[in-house]
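Asks: Whenever a hint applies, use it, and build me the whole structure from the sequences.
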Amino acid sequence: GAGVSQSPSNKVTEKGKDVELRCDPISGHTALYWYRQSLGQGLEFLIYFQGNSAPDKSGLPSDRFSAERTGGSVSTLTIQRTQQEDSAVYLCASSLRHLIGRNEQYFGPGTRLTVT
Amino acid sequence: KNQVEQSPQSLIILEGKNCTLQCNYTVSPFSNLRWYKQDTGRGPVSLTIMTFSENTKSNGRYTATLDADTKQSSLHITASQLSDSASYICVVSAGGGTYKYIFGTGTRLKVLA
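Residue numbers (the numbering used here), protein chains in the order written: chain A, 1 to 116; chain B, 1 to 113.
Treat each hint with caution, since some may be false.
Stated by the list, open to error - Under the rule of at most 27 Å between Cα atoms (straight-line distance), these lysine-lysine pairs were calculated in the BS3-like manner:
(1) A:K15 with A:K57
(2) B:K57 with B:K71
(3) B:K1 with A:K57
(4) B:K17 with B:K57
(5) B:K100 with A:K57
Rather than coming from a laboratory, the hints here were simulated on the basis of the structure.
Predicted model, so just to flag it, every value in this text is computed and none were measured.
Replies: So, in structure tokens, the structure goes:
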């Protein structure tokens, strides 16, 4: 079946502009995660959605970052007033359901964001 | 502080050779440890997952070991192929009711013909 898809694959934007990144998880997966991968750094947790529960936003680096998950499926990550330090690859992952870290996460290909 | 450290940072080997990648962690309480392979421009793909009671887990030419006492893991690649060129990421899941994953910075492996 189809895996996790993300769009766009690449995004170049000017400093100060807003951007929206999209994630389509695997159908039926109730858990969805957003991560950021900066050059030479490990993946950094941003936000986690599980079913209809309130999302865990504890990893969002600033209030310029927000995310939504509509209908328990598609998710969008929005970055307002982008800064150069926001340049990174943004990865989305989904899993069937969360079981205290045991469930397999399936990652999308990522969106490479470049802020000029 | 929960941390995952990997070594070496990068590695170059000839096709057909074996190699071993290292992962040390300070995550507590420990739930499980995973190794991922990340090809350039792709998302990570899971290779193995081990809980504290598992010492070794194999997936084809990939064999992962875990020593929960010393908090060390290794990923051994046998008879390397050009397609093994990728970043290998060690990920530790914290237990105690949290779902948080702690990612290492990865080892970048290059296999040369």
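Asks: Decide, hint by hint, whether the structure agrees.
Replies: Going through the hints against the structure:
no. : hint              : result
1   : A:K15 with A:K57  : holds, 24 Å
2   : B:K57 with B:K71  : holds, 16 Å
3   : B:K1 with A:K57   : holds, 20 Å
4   : B:K17 with B:K57  : holds, 20 Å
5   : B:K100 with A:K57 : holds, 12 Å
Violated hints: none; the structure is consistent with every hint.
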